[in-house]
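Undergrad: Each chain, letter by letter, is given below.
2 protein chains.
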Amino acid sequence: MEHVFFYGDLFNFTYAVFKAMGCADADAHTATTALIAADIRGIDSHGVARLSGYVRLWEAKRINTTPQIKVVHETPSTAVVDGDRGLGLVVAPKAMQLAIDKAKNAGTGWVSVKNSNHFGIAGYHAMMALQHDMVGMAMTNASALVAPTFSIERMLGTNPIAVAIPAGTQPAFVADFATTTAANGKLEILQRKHADTPVGWVQDKDGHASVDANALKTGGALLPLGSDREHGSHKGYALGSIVDIFSAVLSGASYGPWAPPFPAYVPMPQNMPGEGLGHFFGAMRIDAFRPADEFKQHMDNWIQRFRKAKPAPGYDKVLIPGDPEREMEAVRMKHGIPVIASVVEDLRTTGEKFGVVLQR
Amino acid sequence: MEHVFFYGDLFNFTYAVFKAMGCADADAHTATTALIAADIRGIDSHGVARLSGYVRLWEAKRINTTPQIKVVHETPSTAVVDGDRGLGLVVAPKAMQLAIDKAKNAGTGWVSVKNSNHFGIAGYHAMMALQHDMVGMAMTNASALVAPTFSIERMLGTNPIAVAIPAGTQPAFVADFATTTAANGKLEILQRKHADTPVGWVQDKDGHASVDANALKTGGALLPLGSDREHGSHKGYALGSIVDIFSAVLSGASYGPWAPPFPAYVPMPQNMPGEGLGHFFGAMRIDAFRPADEFKQHMDNWIQRFRKAKPAPGYDKVLIPGDPEREMEAVRMKHGIPVIASVVEDLRTTGEKFGVVLQR
Numbered sequence: 003m004e005h006v007f008f009y010g011d012l013f014n015f016t017y018a019v020f021k022a023m024g025c026a027d028a029d030a031h032t033a034t035t036a037l038i039a040a041d042i043r044g045i046d047s048h049g050v051a052r053l054s055g056y057v058r059l060w061e062a063k064r065i066n067t068t069p070q071i072k073v074v075h076e077t078p079s080t081a082v083v084d085g086d087r088g089l090g091l092v093v094a095p096k097a098m099q100l101a102i103d104k105a106k107n108a109g110t111g112w113v114s115v116k117n118s119n120h121f122g123i124a125g126y127h128a129m130m131a132l133q134h135d136m137v138g139m140a141m142t143n144a145s146a147l148v149a150p151t152f153s154i155e156r157m158l159g160t161n162p163i164a165v166a167i168p169a170g171t172q173p174a175f176v177a178d179f180a181t182t183t184a185a186n187g188k189l190e191i192l193q194r195k196h197a198d199t200p201v202g203w204v205q206d207k208d209g210h211a212s213v214d215a216n217a218l219k220t221g222g223a224l225l226p227l228g229s230d231r232e233h234g235s236h237k238g239y240a241l242g243s244i245v246d247i248f249s250a251v252l253s254g255a256s257y258g259p260w261a262p263p264f265p266a267y268v269p270m271p272q273n274m275p276g277e278g279l280g281h282f283f284g285a286m287r288i289d290a291f292r293p294a295d296e297f298k299q300h301m302d303n304w305i306q307r308f309r310k311a312k313p314a315p316g317y318d319k320v321l322i323p324g325d326p327e328r329e330m331e332a333v334r335m336k337h338g339i340p341v342i343a344s345v346v347e348d349l350r351t352t353g354e355k356f357g358v359v360l361q362r
Numbered sequence: 003m004e005h006v007f008f009y010g011d012l013f014n015f016t017y018a019v020f021k022a023m024g025c026a027d028a029d030a031h032t033a034t035t036a037l038i039a040a041d042i043r044g045i046d047s048h049g050v051a052r053l054s055g056y057v058r059l060w061e062a063k064r065i066n067t068t069p070q071i072k073v074v075h076e077t078p079s080t081a082v083v084d085g086d087r088g089l090g091l092v093v094a095p096k097a098m099q100l101a102i103d104k105a106k107n108a109g110t111g112w113v114s115v116k117n118s119n120h121f122g123i124a125g126y127h128a129m130m131a132l133q134h135d136m137v138g139m140a141m142t143n144a145s146a147l148v149a150p151t152f153s154i155e156r157m158l159g160t161n162p163i164a165v166a167i168p169a170g171t172q173p174a175f176v177a178d179f180a181t182t183t184a185a186n187g188k189l190e191i192l193q194r195k196h197a198d199t200p201v202g203w204v205q206d207k208d209g210h211a212s213v214d215a216n217a218l219k220t221g222g223a224l225l226p227l228g229s230d231r232e233h234g235s236h237k238g239y240a241l242g243s244i245v246d247i248f249s250a251v252l253s254g255a256s257y258g259p260w261a262p263p264f265p266a267y268v269p270m271p272q273n274m275p276g277e278g279l280g281h282f283f284g285a286m287r288i289d290a291f292r293p294a295d296e297f298k299q300h301m302d303n304w305i306q307r308f309r310k311a312k313p314a315p316g317y318d319k320v321l322i323p324g325d326p327e328r329e330m331e332a333v334r335m336k337h338g339i340p341v342i343a344s345v346v347e348d349l350r351t352t353g354e355k356f357g358v359v360l361q362r
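Order-wise, the sequence lines are chains H and R. Per my numbering, residue 3 is the first one in the first sequence, and the count goes up by one each step. Per my numbering, residue 3 is the first one in the second sequence, and the count goes up by one each step.
These aren't lab readings, by the way, just hints derived from the structure by calculation. Heads up, the beta-carbon is just placed ideally off N, CA and C, and yes, glycines get one too. Heads up, a few of these hints could be off.
[Claimed, not checked] Residues from chain R that keep clear of chain H, each with C-beta distances beyond 12 Å, as calculated:
#, residue
1, HIS31
2, GLY44
3, ALA62
4, LYS72
5, GLY111
6, GLN133
7, SER145
8, ALA217
9, ARG292
10, PRO315
[What the hints assert, rightly or not] Using 25 Å as the maximum straight-line C-alpha spacing, the simulated DMTMM-like pairs for lysine to aspartate or glutamate come out as follows:
#, chain 1, residue 1, chain 2, residue 2
11, H, LYS106, H, GLU277
12, H, LYS312, R, GLU329
13, R, LYS319, H, ASP86
14, H, LYS312, R, GLU76
15, R, LYS310, R, GLU329
16, H, LYS188, R, GLU76
17, R, LYS312, H, ASP295
18, R, LYS298, H, ASP11
19, R, LYS72, H, ASP295
20, R, LYS207, R, GLU232
21, R, LYS72, H, GLU277
22, H, LYS106, R, GLU76
23, R, LYS298, H, ASP289
24, H, LYS188, H, GLU329
25, R, LYS310, H, ASP208
26, R, LYS188, H, ASP230
27, H, LYS319, R, ASP206
28, R, LYS298, H, GLU155
[Claimed, not checked] Label-pair restraints from in silico Cβ distances:
#, chain 1, residue 1, chain 2, residue 2, range
29, H, GLN193, R, PHE8, 21 to 31 Å
30, H, PRO326, R, ASP208, 18 to 28 Å
31, R, GLY44, H, THR351, 52 to 62 Å
32, R, GLN70, H, LYS336, 35 to 45 Å
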């Protein structure tokens, strides 16, 4: 049972909730745009479905809705930003904009962020670079749900990486993926359906292969991209580690198993070695390497050649990273965004706290 | 049947071969050091086993041993280098050094390279940054052996990524991995043993799962990290694509299925859209973000915490990226480097071309 909302419906509601939480107009606008980018692009787990989670973090005083976001260190091509416990949805776009501004002068800009919170989908922030003819990158650490290769302890978050690369007449290349075999949102979908996972997504608390979509609730863990050592899980573990180190060790945020949890009911880790959650952003001006028009012509050629790669039997075509999300965005902007009943109910309950009504 | 050589034995022989090919003293030294870094670190597929391949590329006039390596474009934090068809083993260390020099002034340095050739192991180049208290990165595109998700056409190389991160009292974090489930070198080992691969490493020419270590010789393909769509192969495909674009589209090298092949008997692709093979290097000065001592203390803490992560039953301990190669290096510097008989034979034959004798 789903309800269909238009972009504006979800935007107005979410904006009103962020305002009621104390965000300034501009910050509420920034946060809402970033959050709903997930719903519109089809990444339902990271959009309005998480709004009540942000509210609970604010209620638990883990989010500051009037942060003084500051640059605490910088060079021509780098900066460290202190997010002052702000919404990641506000801190991240500001830090990404700083990376873009640095790239205008130095060719590239790289910003590591501490003292932040969850920032929605990484791809949204990376894509900010596209309109400036820049390559954009975004990554973040997150609550520990992933066991390193050979381990049963949850040490890393799903630590996503997004890379957005402009093209000319073709749509941009936009990769945005968790460094695990499957994102946690995919487990949530299976949980609601009472369905099993494929082998290779999770392990149980003893480190054995499991197909239980609820394995994380009984001490299990998500597996790094690659699933097991024989299939390259040490590579997924390395990727997740790099995201953790760039986002949190470079900035002074809390890393590894000490990353602050998203669910407000989970106690904060003891002896946290840094401040809050960390992110890492990059922007590279195309014409710091070669003329942008020339690059974009070659990206068009790259994209067109890969689209024409011979499909395997049973498949229509080869996809370019970003294709599914862009196609989803076109459909949902026109026909609306289906929201499952339990999320609608959750939004209504959240709205009631603030006297905000979810309208269609 | 293996023969054991000491580092100096392989060094002297390889140096003499590069000299005989026409390399200047300094270039022969650079190339030899980079090549043998693979043997010493246990990545046997990328070391002296490839020397005769480089020689054949030179014989086919695809490698220029007296290149004029030039910076063709730059900004404070970026550069594009034209390798003038030089040995990647020479071009890459020069480009990485340029990234390091840029980072000294601008905080970070990013160098994309065209008109190069295969550069050995990515990790060697990334590790050059460590002694400067910098994070190092290296990647390269390569001959197309990998089919994108949903395809049966070989469009990407194994396109490795290396990231080296300094620590304090702990050894550095050094990740270096192909963006495929298994590197091609692992297939070669199984071929010699007449053994099957695990499911998920390769597909046959029709796109069906295969365990044939020779699948690539009959039109099959290596699979991107993740193996299949259900296990995240679209992520491995995206990673390999990012490496290809940063290395070759940013620089003006030849990309995707047009990347020049390593085996000299394979004809060059028709209508190549760029010049030679491409690489991408990055260096980030730690203290462009936070004081290096502070960072390194936290890296030590990160590494020690991950080493103590609870192991799964049947495993001793959790590894940090770079541990196996560093341990191998210690053993091989002391006890020598075992080289299989067929490679020894190949080296002897190569030496005979130049009147160079492989000595122990």
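Undergrad: Give a verdict on every hint.
TA: Outcome of the hint check:
1. HIS31: Check passes; 30 Å lies beyond 12 Å.
2. GLY44: holds, 14 Å
3. ALA62: holds, 25 Å
4. LYS72: Holds, since 14 Å exceeds 12 Å.
5. GLY111: Not fine: 8 Å to the nearest Cβ puts GLY111/R too close to chain H.
6. GLN133: For GLN133/R, whose nearest Cβ neighbour in chain H is about 19 Å away, the distance exceeds 12 Å, so it holds.
7. SER145: holds, 16 Å
8. ALA217: Non-interface label on ALA217/R holds, nearest chain H Cβ at 14 Å vs cutoff 12 Å.
9. ARG292: violated, 6 Å
10. PRO315: violated, 6 Å
11. LYS106/H to GLU277/H: Violated, at about 29 Å.
12. LYS312/H to GLU329/R: Between LYS312/H and GLU329/R the Cα gap is close to 43 Å, so the pair fails against 25 Å, i.e. violated.
13. LYS319/R to ASP86/H: Between LYS319/R and ASP86/H the Cα gap is close to 37 Å, so the pair fails against 25 Å, i.e. violated.
14. LYS312/H to GLU76/R: violated, 38 Å
15. LYS310/R to GLU329/R: At roughly 18 Å apart (the allowed maximum being 25 Å), GLU329/R and LYS310/R satisfy the hint.
16. LYS188/H to GLU76/R: violated, 43 Å
17. LYS312/R to ASP295/H: violated, 52 Å
18. LYS298/R to ASP11/H: Distance of about 48 Å is beyond 25 Å: violated.
19. LYS72/R to ASP295/H: OK: LYS72/R and ASP295/H at ~23 Å, within 25 Å.
20. LYS207/R to GLU232/R: holds, 20 Å
21. LYS72/R to GLU277/H: violated, 44 Å
22. LYS106/H to GLU76/R: holds, 13 Å
23. LYS298/R to ASP289/H: violated, 34 Å
24. LYS188/H to GLU329/H: OK: LYS188/H and GLU329/H at ~20 Å, within 25 Å.
25. LYS310/R to ASP208/H: The given pair, whose Cα atoms are some 16 Å apart, holds under the 25 Å limit.
26. LYS188/R to ASP230/H: holds, 16 Å
27. LYS319/H to ASP206/R: Holds - the C-alpha atoms of ASP206/R and LYS319/H are around 18 Å apart, at most 25 Å.
28. LYS298/R to GLU155/H: holds, 24 Å
29. GLN193/H to PHE8/R: 21 to 31 Å: This hint is violated: roughly 57 Å between Cβ atoms.
30. PRO326/H to ASP208/R: 18 to 28 Å: holds, 25 Å
31. GLY44/R to THR351/H: 52 to 62 Å: holds, 57 Å
32. GLN70/R to LYS336/H: 35 to 45 Å: violated, 56 Å
Of the numbered hints listed earlier, those contradicted by the structure are 5, 9, 10, 11, 12, 13, 14, 16, 17, 18, 21, 23, 29 and 32.
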